[in-house]
Structures are given as C-alpha cells and as structure tokens.
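**Student:** Model the placement of chain U on the given structure of chain Z, informed by the hints.
Protein chains: 2
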Amino acid sequence: MDDKGFLYQQLADELGDKIRSGDLGVGEKLPSLRGLHRKLGVSIGTVYQAYTELESKGLVEARPKSGYYVKSAKVLSLPVPGYVKRSSNPSRVHISAILSDVVNASLNPNLVPLGASTLSLDLFPYKHLKRILGGISPMRMKRLIQYPPAEGDPELRRRIAMRLLGIAPHVRPDDVVITNGCMEALSLSMLALTSPGDVVAVESPAFFGALQLFRELGLKAMEVPTNPRYGVDVEALEAVLDRHPVKACLFTPNYHNPLGALMPDDRKQDLVELLNRRGIPLVEDDIYAELHFTPQRPSLLKTYDQKDLVITCSSVSKVLAPGFRVGWLVVGERFRERLSRLKSGFNMATSSIEQYVCSQFLGDGAFDRFLRSLRRTVEKQVHETAVAIQQYFPKGCKLAPPQGGNVLWVELPPKVDGYRLYNSAMENGISIVPGGAFSTTRRYDHYVRISSTAPFDDRIRDGIKILGDLAEREMGAEENKAA
Amino acid sequence: MDDKGFLYQQLADELGDKIRSGDLGVGEKLPSLRGLHRKLGVSIGTVYQAYTELESKGLVEARPKSGYYVKSAKVLSLPVPGYVKRSSNPSRVHISAILSDVVNASLNPNLVPLGASTLSLDLFPYKHLKRILGGISPMRMKRLIQYPPAEGDPELRRRIAMRLLGIAPHVRPDDVVITNGCMEALSLSMLALTSPGDVVAVESPAFFGALQLFRELGLKAMEVPTNPRYGVDVEALEAVLDRHPVKACLFTPNYHNPLGALMPDDRKQDLVELLNRRGIPLVEDDIYAELHFTPQRPSLLKTYDQKDLVITCSSVSKVLAPGFRVGWLVVGERFRERLSRLKSGFNMATSSIEQYVCSQFLGDGAFDRFLRSLRRTVEKQVHETAVAIQQYFPKGCKLAPPQGGNVLWVELPPKVDGYRLYNSAMENGISIVPGGAFSTTRRYDHYVRISSTAPFDDRIRDGIKILGDLAEREMGAEENKAA
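Residue numbers (our numbering), protein chains in the order written: chain Z, 2 to 484; chain U, 2 to 484.
No lab work stands behind these hints: they were computed from the structure. Just so we're clear, the structure is a prediction, and the values are computed from it rather than from any experiment. There's no promise every hint is true.
Identical copies look the same in the list; a pair holds intra-copy or inter-copy alike.
The list that follows gives simulated cross-link-like pairs (lysine-lysine, DSBU-like), each with its CA atoms no further than 30 Å apart [what the hints assert, rightly or not]:
1. K143 to K381
2. K143 to K128
3. K381 to K72
4. K308 to K143
5. K416 to K128
6. K308 to K40
7. K66 to K399
8. K86 to K30
9. K248 to K143
The shape of chain Z in the complex, shown without the other chains:
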C-alpha cells in the first residue's frame, strides 16, 4: 500500500477527531484550502480531498463562496458507558430462550434492521461474485467437486497470509487453516484448547455466539472487565488469572462486538506479554478488523506473540458474503497439527466452491478496491446512526464513539430494561439486540446493541426515533411504578 495515497485521509482523520472532541466547535469555519496548504506543506488537492471526505461523513458542510464549516447536528458528545472493574466468578453459561428469536429477528428483512451484526446484502459485491461463479470452466468444476484439502485451498491460504504482511510478518500460508466460517475457527480452537468444565476468559460483555459455544462445549465463562473504548482491562485480567484456573482466553481486540472497542497497540502488547508469561493460550476473534475507519488495519494480538500461543480467527462474513461460510485460523506450529486433525476429523474440509470464489476475489485487486469504498460507507452510516441515537434517545444514555465495525453499544438509563425495549421494538417492526444477550450476568440488562447495517435513511432515522420514544416511555413507566 502507498502511504502517500492516504495523506488526505490522515488529514481528514485529524480534523474529524478535533470536531468530535469539540476542539473545533459547531459552526466554526475550517481553514481555507490555500491556508492549510501553506501551513502544512501539502498540496491544495490533498486538503480539498480531506474536506470532501469530512463532508461525505456529514461532519462539515461547504458554504458557497465562503468555505467549509463544522455542521452542528453531527457531533457526537454522548458520554462513554462506564464499566465495572470488579470481576464476577466463572460461570456455566445459561442462555435465554429468546436468543434464537433475537438472531432470527436480526435477519428478518421486514424489520428495520438495527439488530444484525452483518451489513445489508446490498453493500456486498454479489454481482462480481456471481460473475466469478459463472466463469468456472468445466475442468475447474471437475476439480471443485473433489474433496478440498482439509486445511483448505492452497491459493486461498496464500492470499490470506499475504494480507497479513506488515501486520504479522511471520505468518506463512502453511499457518492458515480454512474453516467453515469464523465461528468454526473459534469452535475448533476451543475444542483443541479446553475440556468440558474448563474456565475460559472473555470480555464483559462478550459476543453471544462465543457464550453459546461455551454452553455447547460445557465450558465456564470468566467475564473480564472491559473498557468500552480500549478493550479488555489487562490489570483486571491479571487479577483474574491469580484467582482462577483460566485454561484459555478468547478476546476480540479489534472493534469488539458489541462494544466497538479497539485495543491500542500498547495494551495489546501488555495483554499478550501477560498471557505469554503465564503460558496461557489466547484465541483472538479478528472478524471486524477490515472494517477500520483509520487508514491502516489495526495490528493483531498475534503481532505481539513471542511464544506461539495466539490463534487468530477470522472470516469473510462481515466484508464479503456471510452465507459463504469461509473463515480461517492463523495458527503456529504449537497448535497446528492438533487443529488440522480436528478440522479433518470434524467435517473433513470446507466447501470448495466458496473457497474458490473467495480466492479469486481476494486475488485480483477487486477486494481491496471494494473494501476501501465499503469502509467509507460504513463509517458514514455508523456515525449518522450514532448521531441519531444521541438526538432521539432519552437523557442519560451513553455511547462510545465507534472506531470501526458496525455495532453501537448503548447504555440506557438504569431503569430501562433492554429485553423489554427489544420486545416493544419488535412490536413496532424494529430489530435490536438486548444487552443481556452478551453476558452470563445481569450487568447489561439496561443496555442494547444497535447495529448500523445499511446506509442511513428515513426508515432508519424513524426506527431510531421510535426506539427513543419507547425507551422514554419505559422510563416513565418505571417512575410511575416507583411512585
């Protein structure tokens, strides 16, 4: 990647941060193109591109014959949700019976789509993928009906390893094992590292799919206090490790679901050093990393791994085609043989056609072009969704500005119950996910996860407005009850 090509992006990011933090106030005029060109020594074109970028995000507006101004309505100023630094105890996972309803609702196209963690199908390059399918020759097809290698299509493995160049430079194609989606990568890792009854540390809150998996495998979840902006609290984790026999960890350092948190590099390093020191295996879920709003994709926990104890799991589900079920493990020598054997023993291999289509799409440059445009779209719609929440939700709500991915973790006033809000949202044709789904505790009962799955439009604005009204009503109902 050419760093110079991103100069405008860096400038846009810096200005964006200043606007979001309030350093550049609402209505304030930005420096003129020529002024900034002189001051920073960058070309006028670069400044212009940065301003256009900020405009496309709705942060600034161009006023004819005057210049660029900070727009009022788009500034996020909600407080960030707090977090409890006290750990609970390891706990068997019991999952609410409504979870499968929640998941089904999140995929129901008739509801206002604020529940799914995957993007609207319209944002994916399905026509391009169809063309690749259509171009399969009879001889290729004959090869595709044969069992693929258990570890996956060699070309796809090579291309996935190549994408990690500069991020985890030691990763070779042999380190990549293709799985049936990221979920299977997590499942095989847990099967490889744990036995029923073992304790596994996760963030609090945690991705409900991980909790569901723990239940199926009879594992105990140890929820570790997690900062809604910076990810898992390394000190709190250390205290947990002192008290509980943690067999493995499962963390999502990049754009955590549901928090949206991104661990800064120094925290990632601290985390991995701690676990390396104690010899504890660490599984990282990297599924959202490609949806970064910064110019570069974030580092991995594996980047800092000195002891070959980190297994990285990801897939194309969030950025290409959820239904393809193409994911992967990145795994070093320590666990590779065991994981290959588990993959082959469990279901022999991952479906061949989707592997081929992904390998083609990843190979021809189309993926990177597509991702660049997708990221801009997602950042814009996520920001607009967050601003609408700020505008329409009752006072006392909190929200961490998302740094990537497409989910928003909203803390409601303590009186508002997330499950009740979910139910009344469903009655109004809107899908969301109640916060309780993300924990074995009751800590997040007054939270909800709201996803930005599609470009912001009136339907979504109206959905959020209705949600806000419903939350307000819940508050009132509670106050009346108390009175």
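**Tutor:** Relative to the frame of chain Z, chain U by itself:
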C-alpha cells in the same frame, strides 16, 4: 417410482444370483427369450432387457444365432472372510501416523486408484452442476450471500425428506438438518450424545473416519463382532451391552465401509428393537445407500425406530460431489433441538451455494436418472474388480461379494501384512488402504480395502495383478523367514 419399470431388473437380479451362487454353471445356456416369456408371463422385451443387463455386467454373453450363455471368468467364488465372535474391550483410539498418508494417497490422481472410497470424478455430473451454477441470477446470488438458516435450505430439506418416502415414512422436512458433509453429521451427533471418556459401540472393522472422530472427542471405541455379509452381530452386541456402559452406537447398516455388508431387514429390526429396549441412542451412517445394486434402496435403521432414538446421517459425497460438503442428519424430536443448537453454535450454517446446487439437482428428476445409470456402472466395475482379485491374488484370499457401495474387503493369508502390502503397493504407484486402519485391534492386519473407483480398464487390471504378485511375494518372504 414405477415398480413395473424394474421388472427386468428383478429378473436380472434373480438370474445374477443364480450365476454367482453356481446354480447356473459356467458355459450353461440361459432359457431363450421366448421360453422365459412364456414361463414367467413377462414380455419378451423385459426378458431381453434383463439379459442385456446381465451382459453389461459381464455375467453372460450373447452368442450369435444361439442365445445367451454364462461367461466363465466372471463368476465370484472366493470364500467370504470369517469373523471373530469374541468382542474385545472398549479402547481409547490411537491412530497410526500413516493414516493421513493413506488418505492423501487415496486422493492422489497419479496412483492407480484402489484406495479412495469415493468414485472417480469422471463419474460425477459436474457439467450439469456447473450449468446450475452458471444459471444463478443476480437476485438469487444476493440471497445466497446471506446466512442460510442454521438447519439448512428449506427446499433442500424438503427434497431430502421426500427421498425417504416409503423408506422412513414419518420423516418430515423439519426432521432434516443440513450439515457440512456426513462427517459433520456424525460429529455433531457424537457431541450431542456423548462426553469424553464414554464408550461408543461400532462395527469391527469400522470406518476409520469414525475412529478418528472418537479419538478427537476422547471417546472409547467398543468394536462389536460384525458379519462381513450381514453386518453387526446383534447377539454379540447384546452381550457387549450387558458388560459395558455403552453410551451410544454408530453403525453403517447399508454397504458398510470397509465390509460392503448389507444388514437384512430382520436383522435391522432386531438391532433397533434391542437398542430401543435399552434406551440407547443409535447413529446410522447411510452414506452408501444410494449405491444399491438391487432395484430398491435398502431400508434404514430409522425405519424400525419406535422410540425416536435413531439419528440417520448421510451426504452427497459418494454420489454427486465430495467437495461440496453437503450432508444431513435425519433426527426426530428427542434430539432435534440439541442438534440444531450444536450446528448453529459450532459453525452457524452450511455453505449456501452448494446447498442451492444440490437442491436444484435433487429437484428436477436429473438426480434419479443420473443415479440409475451410476448404479449400473458401479455394480459392473465393482464386480469386475472383484473377479480380477479372485484371478490374481494368491490362494487363501477371501472376499465377500459386495451388495452395494464400491469397496471390497479382502482377507489375505495370515502371513501377509496389510501395512507392508500398502507400502510396496505405494512403491509400485498403487493406492490401497491397509486393514489395520479400520480397527483399534490388530485383528485386521492381514486385510486390505480395495476400492473400485473407476470403470474397469487395463490400468486397474494391471494394478490388481501387481498387488497379487506383491502379496504372493510377501507370503514367500514370510515362509523363507519361518524356514
């Protein structure tokens, strides 16, 4: 299916049995077309079709202006391998390190293909499948990139249930759960029914994939004596159940791999009644059932299940496209919820495109037409392979005439070691599977599995001749050693 359409087939089968059993001797003349037409009251066309069928299998030959005669070289007269009726003890599974070499060799196209349990790719309708792929519309593609339902594509589930009409009449589409191949169906069933350390009863010998799975899940294999023609010995199983805490059973009643055994209906019924009485869950692997040499597909163990304790597992891997990884579970209410949850928890769903292609191919009648022709091809090549083994292998070899499927279980003279034969076969560019791969015991060290993967030709004949020579040499070497 129209029963009348199979009259010729029934006649061909009856005559074929008489030839194989020796009732109709080599060189003997078959009744004339007109004679049999009068005697049986069937049309001359039906008799002609039956004779043509026998001719295509190489059992009879037409002599111009004379009639049809039993051909000499094609009669199978090898004794059936015996079996030990004494059970061993439940045993942790340790799998020979060479197993993955064996599996890789069986897929290596440069070797004479007597090792794979799947058919040659040339026998599969890949051009037709490619046409289905090519016909996917953009709107269809958009739907295909969405997460499929965890239980699978509703249309495919319906079509699979329909295929069991008349076999297991109570099976509804809701009872079918799509999995990533038959292997995943077995894996999820074992995860649902057992915990590490549990004892699972299997045939002796057993499919090595099942043994591999047991090892990965920490299960103990209880090998139950199994008749090479009629499948698992129900009395022996009863004795086993009295002595060991068997948690679940995994049997392959239809064309067992590696035995080729078909359980007769009354034995199936006895087996299921025994396990129903004791409340023990039974997983049946039905993957070879569509490769039947008789006119009708055989019944299921599920056919006789009164207590909803049988889970049936199968896939398209042996009859359509191994690389598609499309399989299924047929499961009643008792275990359905647990299995759906496991499927969704483990890898969310099976890849969408292969599900769609299978659903289309199963739906339009092409599948049945294709299967009818495939079965004839496979029966012919399997029979010719068996006859070649009889011709070229040393005296003392045994072989049960296969009744379906495409694998042949060959008992060598006790002095010949299957692993050594495998190694020398590999040196000569031929893949086979040593018998030891199918057991936790040493009982099958002088067996090999020889597959008929492709239409019989000179390459395969030469391969079998070389194998026979190698086996002969091994015998001599052993005798010299002993002397």
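**Student:** Next, verify each hint and record whether it holds.
**Tutor:** To see whether the hints hold, each was checked on the structure:
For a Cα distance limit of 30 Å, the shortest separation of K143 from K381 across copies, 23 Å, qualifies, whereas the shortest one inside one copy, 44 Å, does not. In this assembly of identical chains, K143 and K128 lie within 30 Å of each other by CA distance both inside one copy and across copies; the values are 24 Å within and 8 Å between. In the homo-oligomer, the alpha carbons of K381 and K72 lie at most 30 Å apart inside one protomer (14 Å), although the nearest pairing across protomers, at 78 Å, exceeds that limit. For a Cα distance limit of 30 Å, the shortest separation of K308 from K143 qualifies neither inside one copy, at 42 Å, nor across copies, at 43 Å.
Taking the closest pair of Cα atoms, K416 and K128 never come within 30 Å of each other, the shortest separation being 47 Å inside a single copy and 62 Å across copies. In this homomeric assembly, K308 and K40 never come within 30 Å of each other (Cα to Cα): the closest approach is 46 Å inside a single copy and 82 Å across copies. In the homo-oligomer, the alpha carbons of K66 and K399 never lie at most 30 Å apart, since the shortest distance is 38 Å inside one protomer and 96 Å across protomers. Taking the shortest alpha-carbon separations for K86 and K30, neither the intra-copy value of 41 Å nor the inter-copy value of 91 Å comes in at or below 30 Å.
Proximity of K248 to K143 under the C-alpha cut-off of 30 Å is found in neither arrangement, the shortest distances being 44 Å within a copy and 41 Å between copies.
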